[in-house]
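S.K.: Let's have the full structure, built from the sequences with the hints guiding it.
Be aware that the sequence shown starts at 151, since it is given in the numbering used here, and climbs by one per residue.
Bear in mind the hints are in silico, worked out from the structure with no lab data behind them.
For every residue, glycine included, the Cβ atom is placed at its ideal position computed from N, Cα and C.
Treat each hint with caution, since some may be false.
Unchecked claim - Simulated restraints, written as ranges between beta carbons of each label pair:
{"hint": "1", "residue 1": "Gly-302", "residue 2": "Ile-211", "range": "31 to 39 Å"}
{"hint": "2", "residue 1": "Pro-275", "residue 2": "Thr-318", "range": "18 to 26 Å"}
{"hint": "3", "residue 1": "Pro-275", "residue 2": "Lys-299", "range": "20 to 28 Å"}
{"hint": "4", "residue 1": "Gly-282", "residue 2": "Asp-194", "range": "15 to 23 Å"}
{"hint": "5", "residue 1": "Glu-207", "residue 2": "Pro-257", "range": "38 to 46 Å"}
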Amino acid sequence: MTNRAFLLDLFNMLAVHSHSLGLNEAELDFLSVSLGGDRVDVNDDSSVKAALVLVLEKAGIDSVLTRIHFHCLSYHVILERKGHWKNSAVSVAMGTYTAAKFACDTPTIIPTNHELRFLGTEIKPVVSEEVGDYMLHISPVLVCKRPLKTVGLGDSISATGLLYTIRTQ
151 MTNRAFLLDL
161 FNMLAVHSHS
171 LGLNEAELDF
181 LSVSLGGDRV
191 DVNDDSSVKA
201 ALVLVLEKAG
211 IDSVLTRIHF
221 HCLSYHVILE
231 RKGHWKNSAV
241 SVAMGTYTAA
251 KFACDTPTII
261 PTNHELRFLG
271 TEIKPVVSEE
281 VGDYMLHISP
291 VLVCKRPLKT
301 VGLGDSISAT
311 GLLYTIRTQ
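M.R.: So, in structure tokens, the structure goes:
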């Protein structure tokens with residue numbers, strides 16, 4: 151676990167200056183616990199949803215932070231405050247697509263190089279749902295069977311997701 155006071159200071163700085171935040175499973179877990187929430191279990195989507203909602207709620211209704219792009223091995227999630235972003239379903243799908251290409255170091259998806267990972271029983275490119283004052287978009291990941299590149303993968307996922315999203319406020 152990281153230094154809680156340092157992480158809270160960092161979060162408070164980001165929440166007033168950043169519109170969007172990209173997090174992996176370790177980062178979301180550290181942040182959730184530091185904000186007074188529960189540990190995050192990526193095998194339980196309700197745990198991830200609760201942690202993401204907690205982060206945006208702790209940022210506050212007037213915060214410029216209105217979007218989180220969470221990524222783990224099996225799926226990616228974008229949680230956004232309603233009315234602040236457009237195109238997020240495409241955005242989360244493009245993040246998962248980028249992850250698959252980047253990890254295998256290929257210009258396109260080669261089906262024999264990947265396996266589909268997902269939570270639940272419904273396999274769709276993106277599932278979107280309302281969660282209170284937020285919209286949540288979740289997409290399964292085509293996981294590279296023999297990854298060649300992993301350094302910078304999380305940054306590429308978040309950046310690609312943000313590239314395809316349009317901030318409206």
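S.K.: All hints, please: hold or fail.
M.R.: Here is what the structure says about each hint:
{"no.": "1", "hint": "Gly-302 with Ile-211: 31 to 39 Å", "in the structure": "34 Å, holds"}
{"no.": "2", "hint": "Pro-275 with Thr-318: 18 to 26 Å", "in the structure": "23 Å, holds"}
{"no.": "3", "hint": "Pro-275 with Lys-299: 20 to 28 Å", "in the structure": "23 Å, holds"}
{"no.": "4", "hint": "Gly-282 with Asp-194: 15 to 23 Å", "in the structure": "18 Å, holds"}
{"no.": "5", "hint": "Glu-207 with Pro-257: 38 to 46 Å", "in the structure": "40 Å, holds"}
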